[in-house]
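Participant: Next come the chains, spelled out residue by residue.
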Amino acid sequence: MNSNNNKMIYGALAQFATVPEVYHACEKVRDKGFRKWDAHSPFPIHGLDKAMGLPQSKLSWIVGATSAIFGIGGFLLWVWMNGFDYKLVIAGKPFLGLLGYFLPGFECAVLSAAIACLVGMLALNKLPQWYHSLFRSEAFKRVTDDSFFISIEATDPKFHPVKTVEFLKELGATQVELVEQ
Amino acid sequence: MSGSHTKVTLTQENARLPQEHFFSKLPLAGTAVGLASLLIAFMLGRSNSSYFFFSFHVWWLFFLSIAIGAVFFVLIQFATKSGWSVVVRRLAENISMTMPLFFVLVIVMAFGTGTLYHHWLSHEALADKVLQSKQWYLNIPFFYIRTIFYMIMFTWAAIYFSKRSAKQDETGNFEITYKLQNASYPFLIILGFCVTFAAFDWIMSLDPHWYSTIFGLYFFASCYMVFFAALIIATRIVHNVPALKDVITVEHYHDLGKLLFAHTCFWAYAAFCQYLLIWYGNIPEETAWYGIRENHGWFYVFVLLCVGHFIVPFLFLMARRAKRSRNLIFAIAIWMLFMHFLDLYWLVVPSGFEEGPQFGLIDIFCFLGIGGLFVALFAAVTRRKALVPIKDPRLPESMTYENV
Chain A
52 MNSNNNKMIY
62 GALAQFATVP
72 EVYHACEKVR
82 DKGFRKWDAH
92 SPFPIHGLDK
102 AMGLPQSKLS
112 WIVGATSAIF
122 GIGGFLLWVW
132 MNGFDYKLVI
142 AGKPFLGLLG
152 YFLPGFECAV
162 LSAAIACLVG
172 MLALNKLPQW
182 YHSLFRSEAF
192 KRVTDDSFFI
202 SIEATDPKFH
212 PVKTVEFLKE
222 LGATQVELVE
232 Q
Chain B
84 MSGSHTKVTL
94 TQENARLPQE
104 HFFSKLPLAG
114 TAVGLASLLI
124 AFMLGRSNSS
134 YFFFSFHVWW
144 LFFLSIAIGA
154 VFFVLIQFAT
164 KSGWSVVVRR
174 LAENISMTMP
184 LFFVLVIVMA
194 FGTGTLYHHW
204 LSHEALADKV
214 LQSKQWYLNI
224 PFFYIRTIFY
234 MIMFTWAAIY
244 FSKRSAKQDE
254 TGNFEITYKL
264 QNASYPFLII
274 LGFCVTFAAF
284 DWIMSLDPHW
294 YSTIFGLYFF
304 ASCYMVFFAA
314 LIIATRIVHN
324 VPALKDVITV
334 EHYHDLGKLL
344 FAHTCFWAYA
354 AFCQYLLIWY
364 GNIPEETAWY
374 GIRENHGWFY
384 VFVLLCVGHF
394 IVPFLFLMAR
404 RAKRSRNLIF
414 AIAIWMLFMH
424 FLDLYWLVVP
434 SGFEEGPQFG
444 LIDIFCFLGI
454 GGLFVALFAA
464 VTRRKALVPI
474 KDPRLPESMT
484 YENV
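In order, the protein sequence lines correspond to chains A and B.
Everything in the first sequence is counted per the working numbering, starting at 52 for the first residue and increasing by one.
Everything in the second sequence is counted per the working numbering, starting at 84 for the first residue and increasing by one.
Treat the hints with caution; some may be incorrect.
Lysine-lysine pairs mimicking DSSO-like chemistry, simulated, CA-CA at most 27 Å apart [to be verified]:
1) K101/A with K341/B
2) K108/B with K341/B
3) K164/B with K474/B
4) K328/B with K109/A
5) K474/B with K262/B
6) K328/B with K101/A
7) K262/B with K246/B
8) K164/B with K328/B
9) K177/A with K83/A
In short, the hints are calculated from the structure, not lab data.
All chains should be modelled from the sequences, with the hints used to inform the complete structure.
Facilitator: Rendered as structure tokens:
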């Protein structure tokens, strides 16, 4: 095959029958040094992230930074409003009754953390995504039911349309196919 | 699934503390140090008996709160049918088995009742209108009936669960697990009330004018928090027993660290709620309590508590790496023990000594005295049993457990 054809291929898709098979296959794909690949399963498999060699998620940093900024922001918002912009006497407290401002600060931190967690998770997963090339595969429909898959993208520098398919077959895949873009 | 865990078969023999382990010497050494230190503290206290009783009360509460936290932990593990915690549950049971010690030490407190609770026992108190209306609750006989009731309930729960759990080591009978699960629910409800009213009686009534309905929660939060610190330390110490090397993993430290983190936040939450409402309400009999604890020398303790009991562990334990490092988590656990002492000291002592903290030799000897006996009893119980509930039905789950 020439490189022109390569561009039309999304990647190779291998089907596995059981959890241990796909788990150990992941370990071997990881050790082979592939970068752009993924495993697909109808349910979470414990320890699969290690078998795939996935790094720790960046989500916690996104959530932590967002909630710190909004927490301090919420606190300062009250400092400015009640302390400088629109001074109100509330229950005889001083205009800069800082202790009470921890509450809006805390609430802003919690709310922004929750939103950052949801939005950040969707963004890191590239969701929402209405179409994916793997949907072309007839076999892939069983991924939400009872089958396990590994897909290796053609854009991976180590990808080879023949060798990669053979490699996946050696790993114990029941079926390997090349999926078009 | 990772398959990295080697299968270890735990038996009565290899899951025990080896004879040469330094823990085996602790029962004798701890008792000796404990009794000698208590004697010295008594002698020192003869010239300053008022401070002696306050210091003794603080350290009694300190070690008692670890034991109370342990009782709750064991019960909650059964109530929630937890799998992850089985490998550390035996250590928690052993900590809870120190409960009888505090029952005995109530006797010392009996001599100090007049000193500690002079605010509602003195002659001036009898003329006080507010205290007169509280007398149906705050009187010596009822106070002791309640104290003994709490102690019986906590001791009963500790013995009930430890004994049956140890029996399972021999028989392997799954029925015991079901039985303890069913027993945990009523126990938890009763002990929940016990810890709340115990906090009211032992600490809040030191200043009988002051009241805070969240105080029971505050005390429970610090009990549970300090228990996790103690459990991390105990786990770290017994971890060098060869058979446990692959049984207790970094995952368990991670979980204990998460719970320690959660409960330092829980403590801060309760403490801040209490402070904010009193600040906001601004009622004299409520603010007076903080008035003492925010002024004079107590101000520094107050600031140190805010920073050291919340901000430092909050930032430190947020990092995943800190929770997964045996040495870092051990270090912060010791720090939290110290902070918990400071918390209790700040709650108890100002009601007798408004002018500021006066740490001294009496504190050190009271710590060595009660701490020595506490460690001696813990080591004696630990030595007698396997370090892990070897036939618990959820042990395999706990051994292969992993954080996602």
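Participant: Are the hints correct? Go through all of them and say.
Facilitator: Hints, one by one, checked against the model:
no. : hint               : verdict
1   : K101/A with K341/B : holds (21 Å)
2   : K108/B with K341/B : violated (32 Å)
3   : K164/B with K474/B : holds (15 Å)
4   : K328/B with K109/A : violated (31 Å)
5   : K474/B with K262/B : holds (15 Å)
6   : K328/B with K101/A : holds (22 Å)
7   : K262/B with K246/B : holds (13 Å)
8   : K164/B with K328/B : holds (24 Å)
9   : K177/A with K83/A  : holds (26 Å)
The structure is inconsistent with the numbered hints 2 and 4, although it conforms to all the rest.
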